[in-house]
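Protein chains in written order, with this note's numbering: chain U, 1 to 290; chain S, 1 to 382.
Check the hints yourself; a few may be wrong.
[What the hints assert, rightly or not] The calculated lysine-lysine pairs, modelled on DSS-like cross-linking and capped at a C-alpha distance of 30 Å, are:
1. S:K247 x U:K131
2. S:K163 x S:K287
3. S:K382 x U:K131
Quick caveat, the hints were computed from the structure, so don't treat them as lab data.
Just so you know, these numbers come straight off a predicted model, no measurement behind them.
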Amino acid sequence: MRLFADLVASGIAIGAIYGLIAMGFAVIYKATGLANFAQGEMSMIVAYVAWTISTTLTGNVFVVVAGSIVFAVLLGLAVERFIMRPMLGEPIFSTVLVTIGVAVVLRSLITLVWDAYPHALNLGVGRDVVKMASVSLRGAQIASILTLLAVMGAFYLFFRFSKIGVAMRAVAADDRTALLMGVSAARIHAIAWGCSSAIAGIAGVLFALVYDLSPAMFQLGLKSFPASILGGLDSVIGSGFGGILIGVAENLAGGYVGSGLKDVAGFLMIIVILMVQPFGLFGEREIVRV
Amino acid sequence: MRYLIATALAALALHGAPAVAAEQGVTDTEILIGEVDPFTGPPALLGKAHSSGLKLAFAEANEAGVNGRKIKMISEDDGYVTARTLQGLRKVIDVDKVFSVVGISGSGQSIAAMPVLEKSGVPTIISSAPVSQIFEPARKNVFALGQVYTQGIKELTAFLADKFPGKKWGIVTQDDDYGLLVREGFDTIVKAKKLNVVYSGSYKKGQTDFASDMLRLKESGAEVFLAGGIISENVAMIKEMEKLAFKPAVGIFWPGRIEVVLKLAGPASDGLYAVDYVEPLAGPAGKAFVEQAKKHLTEAEMKGINRYTEAGYAAGRVLVEAFRKCGKALTRDCAISEIEKTKDLQTGVMAPISFGAGKRFSDQKVQIMQADFATLSYKPVK
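Generate coordinates for the entire structure from the input sequences, incorporating the hints supplied.
Listed below in structure tokens is the structure:
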């Protein structure tokens with residue numbers, strides 16, 4: 001039982017990070033109908049910027065987090081304005097390939113701007129081990145879980161009650177009708193990219209606090225995309241939940257079946273669930289009139 | 001008329017006579033050497049450090065020159081991707097026309113490069129990641145400098161088995177050719193010394209979360225653990241064990257025996273056992289090497305100095321010594337013959353280096369060392 005509790009707790013902790021990045025995928029998909037394959041790389045760049053702030057300006061956790069979020073938003077807006085907006089109206093395949101191109105460029109930036117060494121993001125918090133009953137987690141892991149819950153809650157309120165959230169849902173449902181209603185799709189796209197980048201950045205910083213920074217961090221995106229598919233690519237909150245499921249499934253498979261199955265557990269889960277629920281657990285079923 | 005024809009024929013004969021063929025990559029003033037290593041992506045910290053070692057050896061040689069020539073190195077980045085290794089290798093050999101090749105990325109990349117190297121005939125030293133497939137069978141122009149993974153793991157396991165007799169063992173290895181070699185060495189000693197292995201796991205390259213692996217290791221009751229990761233993986237495993245308040249005796253292997261591992265893993269890294277064939281930088285020989293390096297390496301290169309710098313330096317020294325012995329008439333055959341004749345070459349960074357007739361592997365002596373977190377260094381175990 002103790003092993004089970006430990007495995008589930010650790011799974012939720014890593015799953016929370018997958019979940020945050022998966023939510024970033026879903027936000028962009030919901031607003032633009034596009035899967036951004038540079039999500040993991042954006043997360044990594046923001047984490048490296050956080051490390052730069054902490055080692056060159058100040059180690060104050062609030063300043064580092066605030067600075068990283070501001071940078072993340074600017075990065076998202078810049079990618080949208082200068083790379084994605086000119087692609088509007090182009091075939092979806094080309095647009096997705098552009099996001100892969102962005103991913104490769106961002107990945108290369110790490111060794112060009114920083115270096116190939118792993119680095120510890122030391123903000124003086126998050127490294128302490130907190131023991132709850134038989135379960136041990138680091139402070140940053142607990143912070144990841146709480147952050148995921150807070151971001152999920154915030155998005156629920158944003159989509160339900162804010163004007164921009166409702167506009168985003170309208171653009172996702174039918175961008176032409178939304179345009180006729182006076183909603184600026186370009187503005188909504190920019191907001192989606194900014195929000196998505198900010199969430200990815202927060203996930204990157206939390207990940208770096210627990211596992212350190214390294215140029216291999218971009219692989220987080222590869223782990224998180226299945227979470228988004230599982231939760232429903234058009235469901236922001238479902239994607240967050242999908243991350244938790246993937247994290248727990250990985251850990252239980254690794255703990256009870258064998259470490260070789262750890263990496264494929266999430267994908268096996270996706271195969272089974274998508275066969276029953278083709279739009280993911282919380283995705284909206286597409287109804288086409290014929 | 002007859003005189004004119006004779007003169008014309010003589011001139012034609014002289015002009016048309018084949019000149020003594022100049023050796024590729026060697027001019028009166030320069031010797032070109034090609035290197036292919038990873039300079040981008042996570043393994044760049046190994047490739048860059050290795051390259052710095054070569055740079056240092058050649059800079060030292062260039063102070064006095066090598067029989068009136070200067071050595072110039074052309075480095076190609078393969079990003080640790082085998083296809084790019086072959087591309088880079090073909091470029092330095094066929095386009096840049098280098099005289100000799102050194103380095104060659106990781107073990108898998110070196111093995112894949114063998115047909116290209118053998119066909120080219122360029123004197124080559126593999127010093128980044130020597131494995132037996134490089135020197136078995138022996139190839140005329142390819143030399144492996146260092147020690148093979150299996151031997152290193154055998155010696156580390158045997159040392160830990162003697163130090164901690166009757167204990168329960170655990171091992172986690174990478175799910176690739178590197179992991180298989182580690183496991184091969186480990187299994188040999190397990191069989192020979194009848195060790196009690198209670199946990200054996202593997203992970204896919206790039207794994208960052210080792211929570212389930214370390215929980216299972218702890219549950220198994222392992223008391224001695226061989227962490228078969230490279231850098232980030234070993235750090236993650238050590239930190240995870242710290243989180244679980246689990247403290248077995250831990251052994252790590254030389255690809256990850258770099259000082260940054262200690263810094264990242266924190267106090268939990270204190271007392272880690274490691275094995276290597278190059279000198280620890282905190283030992284007297286290592287300290288002397290660091291001082292020596294300061295003369296020729298930049299500040300950034302000095303920051304990245306690690307065991308791979310020492311390996312690269314030793315490879316560079318072997319080449320320089322061989323070139324020197326060939327004198328002004330530097331040819332491939334001469335260089336290969338002189339590398340083969342290398343006997344007890346002292347480099348200060350590893351045991352004396354020797355090759356021999358038909359012997360293409362230097363078979364360096366290894367030593368066991370232990371991590372000291374307070375000084376972020378490894379110290380030899382007496």
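Here is what the structure says about each hint:
no.	hint	in the structure
1	S:K247 x U:K131	holds, 17 Å
2	S:K163 x S:K287	holds, 28 Å
3	S:K382 x U:K131	violated, 39 Å
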